[in-house]
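There are 4 protein chains.
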Amino acid sequence: MYSFLNDYSEGAHPRILEMLNKYNYEQNTGYGTDIHCENAKGYIRKLLNREDVDIHFIPGGTQANTIAISSFLRPHQGVISADTGHIHTHETGAIEAAGHKIIAMPNIDGKLTPDEIIKAIEAHTDEHTIQPKMVYISNSTELGSIYKKSELIDIHKVCKENDLILFLDGARLGSALTSDTNDVDIKDLAELCDAFYIGGTKNGALLGEALVIVNDNLKKDFRYFIKQRGAMMAKGFIMGIQFEALFMDDLYFELARHANKMAKKLADIIKNNGYSFLVEPCSNQLFPILPNDILKEMEKEFKFIINGKVDDQHTSIRLVTSWATKEESIKAFKNFFDNFDINKISK
Amino acid sequence: MYSFLNDYSEGAHPRILEMLNKYNYEQNTGYGTDIHCENAKGYIRKLLNREDVDIHFIPGGTQANTIAISSFLRPHQGVISADTGHIHTHETGAIEAAGHKIIAMPNIDGKLTPDEIIKAIEAHTDEHTIQPKMVYISNSTELGSIYKKSELIDIHKVCKENDLILFLDGARLGSALTSDTNDVDIKDLAELCDAFYIGGTKNGALLGEALVIVNDNLKKDFRYFIKQRGAMMAKGFIMGIQFEALFMDDLYFELARHANKMAKKLADIIKNNGYSFLVEPCSNQLFPILPNDILKEMEKEFKFIINGKVDDQHTSIRLVTSWATKEESIKAFKNFFDNFDINKISK
Amino acid sequence: MYSFLNDYSEGAHPRILEMLNKYNYEQNTGYGTDIHCENAKGYIRKLLNREDVDIHFIPGGTQANTIAISSFLRPHQGVISADTGHIHTHETGAIEAAGHKIIAMPNIDGKLTPDEIIKAIEAHTDEHTIQPKMVYISNSTELGSIYKKSELIDIHKVCKENDLILFLDGARLGSALTSDTNDVDIKDLAELCDAFYIGGTKNGALLGEALVIVNDNLKKDFRYFIKQRGAMMAKGFIMGIQFEALFMDDLYFELARHANKMAKKLADIIKNNGYSFLVEPCSNQLFPILPNDILKEMEKEFKFIINGKVDDQHTSIRLVTSWATKEESIKAFKNFFDNFDINKISK
Amino acid sequence: MYSFLNDYSEGAHPRILEMLNKYNYEQNTGYGTDIHCENAKGYIRKLLNREDVDIHFIPGGTQANTIAISSFLRPHQGVISADTGHIHTHETGAIEAAGHKIIAMPNIDGKLTPDEIIKAIEAHTDEHTIQPKMVYISNSTELGSIYKKSELIDIHKVCKENDLILFLDGARLGSALTSDTNDVDIKDLAELCDAFYIGGTKNGALLGEALVIVNDNLKKDFRYFIKQRGAMMAKGFIMGIQFEALFMDDLYFELARHANKMAKKLADIIKNNGYSFLVEPCSNQLFPILPNDILKEMEKEFKFIINGKVDDQHTSIRLVTSWATKEESIKAFKNFFDNFDINKISK
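Chains as they are written, first to last, in my numbering: chain U, 1 to 347; chain W, 1 to 347; chain S, 1 to 347; chain E, 1 to 347.
Treat the hints loosely; a few may be bogus.
No copy labels: a pair is met if it fits in one copy or bridges any two.
Stated by the list, open to error - Result set (DSS-like, lysine-lysine): computed pairs, CA atoms no more than 25 Å apart in a straight line: (1) K160 - K220; (2) K334 - K219; (3) K219 - K160; (4) K22 - K303; (5) K309 - K119; (6) K220 - K187; (7) K300 - K46; (8) K148 - K331; (9) K334 - K296.
Simulated from the structure, these hints should not be mistaken for lab results.
All values derive from a computational prediction rather than experimental measurement.
Required output: the full structure, derived from the provided sequences and hints.
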């Protein structure tokens, strides 16, 4: 059984585990005040070419989103998101539980557009409605698509013009930035976003997201929020060590490139067999549309998520690859299609 | 420099790291639905001799407290705690941020008494005040003391009589249950508490607390709360693996006994040198009262936390040992006292 | 200048003011525990033919909605509403500020349908999303439409089948129940809803909504919520006195019938002049679609709210009548149309 | 039966009711945007000699406290209060339900001291605890005492030095400022506080508190908070009209002086009979300590609140007078003591 369920099925890349082993008996100070967190921040700042940004390591994505949003906004302010946004669809109302309304707008291929941001602003004009104050986007998106640099620039522009904070969820940032069709440099994010995070959990770490706060106005007292929301790990250094391993050299992007490469192979197999996709594949998440007959057989050998019914005979599914996806899985996938006898099924 | 700052300075016990390595490439399902979590729960249920309890792995203590309290209480209900309780003093208002008032009552050696619980109930009688609905205690306490079985029975009794939920924070439960003066069996907790947790972070794991819900009324939909508060780790299996390692044999208690043994050695050195303690030592946290002159020298060799001023010449400090404390540190501590020349200082 | 802005432009019906005067020097107990609140509850229970319901007087609608929803739901549960629902569009995120997500579904003429409720349920199936637990509807709706009895029965049915609480916002219940096209008896609401409220503010009172809790499971400790959210008025008896005045005889419905009668006259004038409506008028809120040229002139004599652009030449507006609307205003409105010379404008 | 239960037993002063009658059919705009609110604000600004302050009318005290505190603070910040403070003892955890911890410090006669404020600051120094950011005091206090000007200046000073917001709950401000022992001018409050409110409910209005925001940094978007917390009354003009009546001339203070005068008469009767007080009386709340034998008889003729046991034979009670207290009640109280035969009871 091969799993294409997600990119968090395995543990951590061996070089990360080695580092954790290496420093295991070292006595570090608690709560992320240790030397490894400092080192990791240094590497990331260098990569961004920005010494002035604040960086915090947060155990998971829902926490990163909730802490950032509830720290950056006042209670009467809301966040604009694509209606496919993770905060709107898959976080059990975490943002609302923190008191903030999400203004969900129609998406195009999982992406939010400046037009929709403006519509949201125009629909919220006085104290009888929530005040839009932040734009939430993710790169890659929930549908595996990625933002072009020009799209980010346009969103940045509409945010500046309307005094909105731009926050980018980078749970799968590695895959987005190493996509064949990507033209965004990680440095661009520090110029265009007020805050964003670099996901570790879905790119080879046991856990951890590196939240980068660029806008000075959003930096104050941020550690209070991390602590209040239970995200200040006693052994914060284990996130420091992992991000040190990921960013002391090119490992982070190396792992993401691998995931994308494996995804491309899967996509090619599907295309070569004549099937299409909900959204043109470009990162480590694929949403092929396949005949139900095939899926019935496929699920005997592979794990994946059913995305939704397309028509009576077709269903879209989600396939995800990761830093740990093996050639062996790809081969098995190819074999499945090569050996699949549609006529046999139909009988 | 030897650190007695806390019990979360080092990584994880080697047997835990080995297990993480061993299963690193195994493909597990996400969000704590994996086989390792199941195995670990099985070991803990067996230890408790209670197949009917629900068990959830939560990354950290503040999260465990917040999630349990906000799931178990309705918005108009509050929680009674000793005024030294971790939720009252060291969680940045996490419980209040979740909407609940803490009714802080005077402590005796860090412990809450039935008398104070009754006083709290009597002071909150109608809808103009919060409704007391839960009692929060921790074992061991913030001052390193532990509850005797008779004390837990008395607290349990006053809770039952007043329809209060009894919740025990066991961030340092290992140290409490392996204390020389302990007479509580872990099985007792499942009889006396509605819910409690078994701390991993402070007893040899990289992270993780095992929350045990005994009372059937408190079990429903609990995973929603874990997710909503960002504590449902994508790679939940890394907590499962660690608790599997801790409870497949006696490792959890073995580590706690080591910490206590090291603490006892420190305590004996201090006693032998004629100094006293804020609270009689019995677990892995010690609160000796030492002359300021000595402390001034001590902090050149050892790391510890200043607890508070006792009088103009004396200060209480906190020393903490762990599963990783080495004999070498104890020896250095003994050497320090052996070689310390009080007269030299005074000059 | 005549105002059709809303139904809360004037003070209170004279019989209400008289009652307030009459009892002004009487010494009443505080916080709604007085004899007038008891009397008013008695009248309403008799009207509903239900002695078993709990009734609470709440100063305003946003408070009534927030208190009911946050008392009835646990933190991981959400409320399904039409996307035009007042809680979704005009309460500044009050429900989210209380921690609950609103699941907004498409409306038909301002109404929520069983189909949309089922769609919402089907889209929220596990702990990664909020749990739908309540249906919020209002009667009349934000667009002035009203629910037929059969529609309420169908919604009630889908709620029962899916363990959802049905909550009806009756800020304008008087107008709904006295509409010419209404077939719902107020007694039906106590059979079909778990809770609902009877609006006073928009039907002749200075302030106050009578919240009726039918479902026994929702009654416990409700006064704690009223107090905690600042809705327990010290002088609660002033709401008791007003609802006593409204329900000791037929005054409440008399006032609503007047508002509807005045609205019908306005609607007829508009229809007679050949204009249509966004939603067929049936209560005290009208949404005519009028040429912009006419509106330009109309706003010199009348106050009303612009609802939205329909096409380049037409705009929908909102006209609201109340218990206090005078024949004089209607006449002025008729005169306006009679004397309006479309040709003169065009020049 | 005479009631000394509280100062909100009766309706409104006749001049207020007259004004409500007078403007009853006037068509006002909603939500506090009307001319009467403007007029009332003008009168209050003139009284304060400060044209730059923002003023908002809020229906009740718990709302005023909750809205102010949750608007002024960020989620990680707490408010320092005397442990007798209304927000800590009698608001059902409203402040915590809004997410903020109250740092309760020991009181002296119901008052908070600069020393206790400094102790609170010193105990909260890093991100593991809440950040103290506001001081809450009330004048008069829960024990009927009042702040001297020098005390307010000292508290103001410690607030400025520590970047704390000073917020004064003036639910009974009228009684405080017209006390015989008062040396504070209402103008002083605008100099010393960042925000405060002038209570109407307990001084002759049906409902309403006038919240004055002095500090420019606290003004932004405040109406959003009023709306979000359900305190933006549709018929906001009824608060405007009442405060117009109270402040267009000296009525507000006239009513308060009457309450104090009546209280003084009660206090003199008690003193003349040889009894003492928990706190020296100076405003419209008295806390005499009386023999239980007397109280047993007294409660047959008078309503009052039992405050607490003093010793086996004595209990402290609370007596409150108001703008509506009649000489007749005072006479009855005097008669009670004149005719009371202690020996008869003892037999």
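Run through the hints listed earlier and report the numbers of any the structure violates, in increasing order.
2, 7, 8
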